[in-house]
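Can you build the whole structure from these sequences, using the hints too?
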Amino acid sequence: MNRFVMLLKREYWEHRGGFLWAPVWTAVALLVMSLIGMGVTSWHANRTFDGEIRIGVPLQKLLSEVPPEDMAKLGMGYEAGLGGFWLVMQIVLFFVLFFYLLGALYDDRRDRSILFWKSLPVSDAQTVLSKVAVAAIGAPLLAWAATVALHLAFLGVLGLFVLGHGLSPMELVWGPAEPLALALKMLAIVPVNALWAMPAIGWLLLVSAFARSKPFLWAVALPVALGVAINTFELLEALRVPDTWYWQHVVARILTSLVPASWFGMAFIERAKLTDSNGPGPEMLVDWSVIGGALGSMELWIGVVAGVAMIAAAVYFRRNRELAD
Amino acid sequence: MSAVIRARGLTKAYRNSRALDGVDFEIEAGRIVGLIGPNGAGKTTALKAILGLTGFSGELSVLGFDPRTQRTQLMNEVCFIADVAVLPRWIRVGEAMDFVEGVHPRFSRKVCEGFLAKTKLKPGMRVKELSKGMVVQLHLALVMAIDAKLLVLDEPTLGLDILYRKEFYQNLLNEYFDHEKTIIVTTHQVEEIEHILTDLLFIKDGKIALAATMDAVAERFTEVLVNPDQRDAALALSPVYERQVFGKSVFLFDGPARVQLAELGELHKPSVSDIFVATMKGAYA
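Same order as they appear, the protein sequences are chains A and B.
Under the working numbering, think of the first position of the first sequence as -2, with each following residue one higher.
Under the working numbering, think of the first position of the second sequence as 794, with each following residue one higher.
Calculated from the structure, these hints are not laboratory results.
A portion of the hints provided could be inaccurate.
[As the list claims (entries may be wrong)] Within a straight-line C-alpha distance of at most 27 angstroms, the following computed DSSO-like cross-link-like pairs (lysine-lysine) qualify:
1. A:LYS6 <-> B:LYS903
2. A:LYS70 <-> A:LYS182
3. B:LYS974 <-> B:LYS942
4. A:LYS6 <-> B:LYS921
5. A:LYS6 <-> B:LYS997
6. A:LYS211 <-> B:LYS921
Structure follows, in structure tokens:
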């Protein structure tokens, strides 16, 4: 166990830039941008609208009367805004993870440092599993922590801004935004993402352990070329399977299921069919029932099985592949 | 004495060639073995097989383990320095120590810090900021702090200046080696290590060309400095090698009695590199 913790630390030391500093600087950039935005709005508002500020609803109006439907709108506004921050952070995380996984079992074969790692009593399975754990849980948790810090900082600044206008930050900011509930939901999404991403984690690690050169090309060009061949020769038509099946269930899963909450895609569509409103709103993003539904889907668990098989293959290649130089 | 390494019919075939061709050898505990051969003779392949880094056919037992299937257990007892530049460039000196301490049950941090205290290395330094010589100092400090039974060194001093090379082997001999430990080393700079070796293993075209202790080699081989008028008499005793020095011939003999050779001229103890050159005749032909 101690050994495994050491392996996780090792990954963190090597990729501190991607796992820690990338989310931190993204959060800082988002915060600074929204501060500038707030500043501009405030200045603009003071000049042209004579003190009336809107966050979803006219701010001054809230002083006297707060109709419940407007309050709900405010809550949804916060959810969309904070959810937007979360989305940006997750997209950064996707790029970090994609390139981390592609290099995880390749870079040390290229610079020969694998000879150092292999001189120590660590099994190849332990090495590969430590990288799976980091990609599936470790890095997403760091990104989660950075996102929560960003949310709190943003709401804090907004609270001061509201206070500056003589309004109550408790009523207008912290109450309707529900940052704690949001943090919990984002945390609950981490393991669902991890399971959903297993085919991508498995595929990228497999290519990383297997490729003698150019892992990116292998990872992307191989499935795409296969797909083009399938489309061209209508290979699957013969089996009465539509061409799009391969793209949706193979290519998309092994390359893009690392995209955070890409499993929402399915849920969105399902839900949109049921509700005859204007389609799913941003509040869907953090709906418990959607998270639960994803866990119950067959597609997720088939992906997990495929991912585990590819991870096992990656261990095999880690054991038997020689240097990549 | 039991053998630390025992190989029987060790073979490694690549698509068009055999890097190792049915090699048999044994290495006993407490020896320092020089595995010496020209480029491409199969030295590195043999070491990789011993370390479980490559597949092979035939029998090979290292400390009683099969390197193909019991690599992880084997690595508890074996250390290796594969090359000068294999420490990851991003790691810091302190992190390297933390890591080895965390994964290796036989690593002593105190010993490692003791070795590092004698160098200019500081825990905060990154490998990529170090000179080649300092990287080797770090690697050697890490390895010497592990109480392993077998240490494998593959060209450990390649590209280092003479000061680092001398220091490397001095440390190894004075601070690390004892009769419980076994060291296998390959190098092209044979002259620098011949005084520390106890055994020689010459490898040529994937086969063992010579396997003997240094004492046996000293017994077997004699070098004679022969005047031109005696040259034919010397040739009659079938020397294994001849070279010219200042108009005289230097013959290397494998076997014949010293008394007989003494009549031909002045006797010398041949260097390992001379024996190597004689043994490897035609290796690149």
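Going down the list of hints, with the structure as the test:
{"no.": "1", "hint": "A:LYS6 <-> B:LYS903", "in the structure": "holds, 21 angstroms"}
{"no.": "2", "hint": "A:LYS70 <-> A:LYS182", "in the structure": "holds, 20 angstroms"}
{"no.": "3", "hint": "B:LYS974 <-> B:LYS942", "in the structure": "holds, 5 angstroms"}
{"no.": "4", "hint": "A:LYS6 <-> B:LYS921", "in the structure": "holds, 20 angstroms"}
{"no.": "5", "hint": "A:LYS6 <-> B:LYS997", "in the structure": "violated, 44 angstroms"}
{"no.": "6", "hint": "A:LYS211 <-> B:LYS921", "in the structure": "holds, 24 angstroms"}
When the structure is compared with the earlier hints, a violation turns up for hint 5 alone.
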